[in-house]
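When you get a sec, could you build the whole thing from the sequences and use the hints?
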Amino acid sequence: MTESVRVVENFLTALAARDFSAVRGCLADSGFRYLSPIAQFDNPDDFVTSMEGVGAILHKITVLHRFEDDGLVCHVLDFTVNLETRRTRRTVQLARVRDGKLVELEVIFDATQFNRMVITDESPMP
Numbered sequence: 001m002t003e004s005v006r007v008v009e010n011f012l013t014a015l016a017a018r019d020f021s022a023v024r025g026c027l028a029d030s031g032f033r034y035l036s037p038i039a040q041f042d043n044p045d046d047f048v049t050s051m052e053g054v055g056a057i058l059h060k061i062t063v064l065h066r067f068e069d070d071g072l073v074c075h076v077l078d079f080t081v082n083l084e085t086r087r088t089r090r091t092v093q094l095a096r097v098r099d100g101k102l103v104e105l106e107v108i109f110d111a112t113q114f115n116r117m118v119i120t121d122e123s124p125m126p
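This note's numbering numbers the first residue of the sequence shown as 1 and each following residue consecutively.
Hints are computed from structural coordinates only; laboratory data are not their basis. Backbone N, C-alpha and C define an ideal beta-carbon position, used for all residues, glycine too. Some hints here could point you the wrong way.
[What the hints assert, rightly or not] Each pair of labels, with its calculated beta carbon distance range:
| id | residue 1 | residue 2 | range |
| --- | --- | --- | --- |
| 1 | 59 | 38 | 10 to 20 Å |
| 2 | 111 | 56 | 14 to 24 Å |
| 3 | 30 | 85 | 33 to 43 Å |
| 4 | 30 | 72 | 18 to 28 Å |
| 5 | 35 | 57 | 12 to 22 Å |
| 6 | 111 | 55 | 14 to 24 Å |
| 7 | 25 | 53 | 32 to 42 Å |
| 8 | 40 | 76 | 20 to 30 Å |
| 9 | 1 | 85 | 28 to 38 Å |
So this is what it looks like as structure tokens:
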């Protein structure tokens, strides 16, 4: 297992365990960037605060596939969350590690149902 894969796997393990101190320990202090269909962050502490909210509904993370290409680590994941019922969403995560820390995370998923839950007719789309 390469260092990049190890760092990303440690991040996912910490997130699944809701160990947000360990999540933060996986992230670079500077140069960090996160992008998803519903949020973006360039501050690792703000990202961790957001993930603490996700942790409240997270049931489990299942790794379906993992690939690495020239330092870019790709995971195909099933995120199972507890809302009114348990729901599983297929997600792709792209991650780049530099000097043993995550510097880039991009998460790709269908945000349609999320947007229906949180966006009303009066609130603008992001």
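- prompt: Which numbered hints are broken by the structure, listed smallest first?
  reply: Checked against the structure, the only hint that fails is number 7, while the rest are satisfied.
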